[in-house]
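There are 2 protein chains.
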Amino acid sequence: MAGFQAPALARLIDQFNRLPGIGAKSAQRLAYYVLSMPEEDAAAFSNAILDAHKNIHKCKKCCNLTDDELCPICKSMNRDKTTICVVEEPKDVVALEKTQEYSAMYHVLHGVISPLNGVGPDQLSIKELVSRVREDNVKEVIMATNATAEGETTAIYISRLLKPLGVKVTRLAYGIPVGGDLEYADEVTLARALEGRCEL
Amino acid sequence: MAGFQAPALARLIDQFNRLPGIGAKSAQRLAYYVLSMPEEDAAAFSNAILDAHKNIHKCKKCCNLTDDELCPICKSMNRDKTTICVVEEPKDVVALEKTQEYSAMYHVLHGVISPLNGVGPDQLSIKELVSRVREDNVKEVIMATNATAEGETTAIYISRLLKPLGVKVTRLAYGIPVGGDLEYADEVTLARALEGRCEL
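Here the protein sequences come in this chain order: A and B. Quick note: the first sequence uses the numbering used here, first residue 47, plus one each step. Quick note: the second sequence uses the numbering used here, first residue 47, plus one each step.
No lab work stands behind these hints: they were computed from the structure. In this text the structure is predicted, and so the values were computed from the model without any measurement. Watch out, some of these pointers could steer you wrong.
All copies of an identical chain are treated as equivalent in the list; a pair is satisfied when it fits inside any one copy or across any two copies.
To be verified - Derived pair list, reagent style SDA-like, types lysine to any residue, alpha-carbon separation capped at 20 angstroms:
| hint | residue 1 | residue 2 |
| --- | --- | --- |
| 1 | K100 | A90 |
| 2 | K106 | L81 |
| 3 | K104 | A88 |
| 4 | K144 | P118 |
| 5 | K209 | R243 |
| 6 | K106 | A239 |
Kindly generate the complete structure, drawing on both the sequences and the hints.
Below, the structure is given as structure tokens:
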């Protein structure tokens, strides 16, 4: 493959190829696209990478990504400070914010407990969560980790840490996705939906 | 959506979102991935973009992308200089080189004639091709534009320009893809495959 491709181009393709979900063909397509962009757009792209890397860090309180000491949600005066929703990743905050149904606080773990991948509780921001519950006047912690084995384990682990502190620990409901067909729901989901049934 | 996301992060997501084939979700995933990269990897990515943009330009002869005056293929001593394969984009050169069946020259048009998109022959590197045919001792020009209406039109347009110069102009064969099922071939392809049948 090499030999007939300019090194600077090969390097750019390689850089795109390292990104998750970007294969060799997409990397090539993206690299050619970047080359076809006006000079200033390429500079803006290049700067955005450096800039984000330099300025973005974890919020001191909720560990979500921010460019300030506290993220806009933690700083906000209009949010219920007594409820914390615990999520795995910053993108889960984005997903929950999109519902426009939640107006309390978040806590981002930055992962799940996964012994297979060598991730223990100490690598997650669990300590920070415990001290928030201890120090702030938190009444409820909603576990919103993913519905995977690891997400569950993490939720159970954290709830065992928090319950002795006298806080209510809840979990997102399991059930059939809205618009979903019973026929296509797996048995475990259906069983959970039955279990969690509520009065009409 | 905005408001709770740091501006530097939003800008990075936006930059990824501008790339072709990268939607909002992928852009977010890629941006978070870039943030999770070590500092020096992010710097390398950022530099690769600027670097490619600064150093890569069109080869003086074949208009393929290169960081030198002439691309490695045009500079090579081991290639047949009397045959030129005309392609739409630099990535087509990559595809043809991968076959390892072609060892002559290329010419990259950087597009196709497309009146609907406002692309006329003058925006493509057709002039350069004509002067190559005129000045170098070219015996055959292989049209390898895509098998689309626009690719065809461009091939026919160029062949009409070149034929008066006494050069042989050919086109890639149409037919059933290798490994393809007759059942799934469309009628036009099948008709072309019949038309182009050859003796066994």
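**OP:** Please work out whether the CA atoms of K106 and L81 approach to 20 angstroms or closer within one copy, between two copies, in both situations, or in neither?
**Re:** between (39 angstroms within a copy, 17 angstroms between copies)
Original post:
From the Cα coordinates, with 20 angstroms as the cut-off, is the pair K104 and A88 best called within, between, both, or neither?
Top reply: Between copies only: 17 angstroms across chains, 28 angstroms inside a chain, cut-off 20 angstroms.
**OP:** At 20 angstroms max between alpha carbons, let me know whether K100 reaches A90 within a copy, between copies, both or neither.
**Re:** Answer is both; intra-copy 15 angstroms and inter-copy 14 angstroms each pass.
**OP:** Since the copies are identical, ignore which copy is meant and state whether K144 and P118 lie within 20 angstroms (CA to CA) inside a copy, between copies, both or neither.
**Re:** within (15 angstroms within a copy, 51 angstroms between copies)
**OP:** Go through the copies and call it for K209 and R243: within, between, both or neither, with a Cα cutoff of 20 angstroms.
**Re:** For K209 and R243, the Cα distance exceeds 20 angstroms both inside one copy (25 angstroms) and across copies (77 angstroms).
Subject >> 20 angstroms Cα threshold - placement of A239 relative to K106 >> reply: Close neither inside one copy (37 angstroms) nor across copies (66 angstroms); limit 20 angstroms.
Violated hints for the displayed structure, listed by number in ascending order: 5, 6.
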